[in-house]
Amino acid sequence: MTYCLLLAAFAGRAQSRMDVMVSLSNEPVVLDQAMNFENTQVTFSQVRIYLSHVEFYQGDSLIAKDNTHAYLIDLADDSTQHLSFGFPLQGADRVQFLLGIDSASSTSGAMDQALDPMYGMYWSWQSGYINCKIEGTFPGAGQDFQLHLGGYMAPFSAARQCTLRQKGISGYSDTQVFRLRLDLAPLIGRIRQENRPVHVMSPGANAVAYSKLIADALMLMP
Amino acid sequence: MSKRIFFSIIVLLALASFCFTGKALWQIPSGWPEPVYNFKKNALDSATIQLGRMLFYDPVLSSDNTISCASCHSPYNAFTHVDHALSHGIHDRIGTRNSPVLVNLAWSRSFMWDGAVNHLDVQALAPLENHLEMDEKLPNVLKKLSVQDRYLMLFKSAFGSEKITGERFLKALSQFMLTLVSANSKYDKVMRHEAEFTEAEAKGYALFKQHCASCHTEPLFTNHSFQNNGLEPDTALRDTGRMKITGKAADSLKFKVPTLRNIERSAPYMHDGRYTNLQMVLFHYSANIHSSPTLSASLKNGIPLSEPEKQQLLAFLKTLTDKDFLNNKEFQYPRQNAGNK
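Protein sequence lines correspond, in order, to chains C and W.
The opening position of the first sequence corresponds to residue 1159 in this note's numbering, with each subsequent residue numbered one higher.
The opening position of the second sequence corresponds to residue 55 in this note's numbering, with each subsequent residue numbered one higher.
Calculated directly from the structure, the hints in this document are not laboratory data.
Hints are supplied without guarantee of correctness; some may be wrong.
As the list claims (entries may be wrong) - Chain W side only, calculated, beta carbon under 10 Å to chain C, not exhaustive:
no., residue
1, Ala180
2, Pro193
3, Gly220
4, Arg222
5, Phe223
Bear in mind the structure is a predicted one, so any value in this text is a computation, not a measurement.
Where is the CB? At the ideal position from N, CA and C, for every residue including glycine.
My request is simple: use the sequences and hints to build the entire structure.
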């Protein structure tokens, strides 16, 4: 009985969070700073990404479902890269989330907090959220890229369901942290191959393809 | 008297005049379908409606502070832009489409001629950020509003705090636009047995039901679908309509069926305003249909109409004019805007 009470007490005190890191290969991305990439350099001017519907599992069992509808990760604001949850994550070995915003939310009009259209992540010329905004240049090559990846209508729904696994967090430490890393190297490599400005500013096959590339580059770090 | 006290008095007077009309803020006209808009997510109240009305008429929404919503949506013309085939925005930039009427919006599932916008709450973003129209950014609009005492007070009255967010801004505009209900034309009075059609109007109504009602369905006089109504494509504008949004060839040259309510006052007509009067519209349907793969099935053979039949149809269409709506002072320029910065 006493053992169970102690267990409950420790579980209640535990705080959990997910730290999001955006990197280019092994280097953290810093906005407006030239970064080496293969034989050239790349500068990112904007990296903003929505994550939503975050859930944690142990095996096939749902441990916790985050109540926050969506998070806007913005490299220009460090505070947005640390997501705090009000529940413990002991034993969690899988995280599931949507990279982007679900279709229902894109048809629900003006929403608040991270989904407020004032953050510039909602298209004005047509409805729907922009799941990812990634912009930058290859200064030496005179090539720029502007990816505004969105679209909620089939067959060009660009939001991607992501499931990432790692070993469960054991013990009764006060802080339980998932470390999510997005490596932009595959995306940048793909853009560089185009050898011309790349502008994807509307829903379509290109938005879906680039969104998949980004989703596939997400991983959990130990 | 300090500026804040002055504006507080103005705001309170405006709200008081709104509150004591004794009328419900919104009700479904008798016999009409349920609205599509989810009022539970944006329940109407006087203060928010008044805020939306102030915003609607305020050119501060445009990048050079010259163009308001009302610049292209005039209340006297069923909230469209009279005598302009294509509207113009800041710096006289000419747009690409005719401004649609703003009426009975609570029943619309989509907005704009191509249905690009799927919810009323976000419709205002389209003209606000369009380079040819208001050419502004939402965050900048909010910044401009936040330095005006009257708007801080209006937002506080509406939402309980002075915090100005995109969501609040958009929902306030929605609330005002939702009040733009037109349901008291002569046609409506006839349907309620409060008036009678003339002989010409009655014959026109019969023709309307036979030839037009499949798309311009009563009582909203639109079925909100997208149709290719046989307009020859404009080689300058090259507007593919709904296909621009869906990417589907089957949607080529399809545009949203507009309401015919107050049609007498909302010239010019069609998505590009090519027809300056209703006679030209009827000529189009009777003798000028352009055939294409996506042409509406009901127009394959046009709508053959004799001259007397055209006159009767026109007589009926004029019964859709709602003078109560067009002259309703509660929809017009709020005099509190005058001279205030």
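Do the hints match the structure? See the list:
1. A distance limit of 10 Å between C-beta atoms decides the matter here; for Ala180(W) the minimum to chain C is near 5 Å, and the interface restraint holds.
2. Evaluation of the Pro193(W) hint against chain C yields a held restraint, the C-beta minimum of about 5 Å falling below 10 Å.
3. Interface hint at Gly220(W): satisfied, since its Cβ lies 3 Å from the closest Cβ of chain C, which is below the 10 Å cut-off.
4. A hinted interface residue such as Arg222(W) counts as satisfied when its beta carbon comes closer than 10 Å to some beta carbon of chain C; here the least separation is about 8 Å, so the hint holds.
5. With a least beta-carbon distance of about 8 Å to chain C, the hint placing Phe223(W) at the interface is held under the 10 Å criterion.
In terms of the numbered hints stated before, the structure departs from none.
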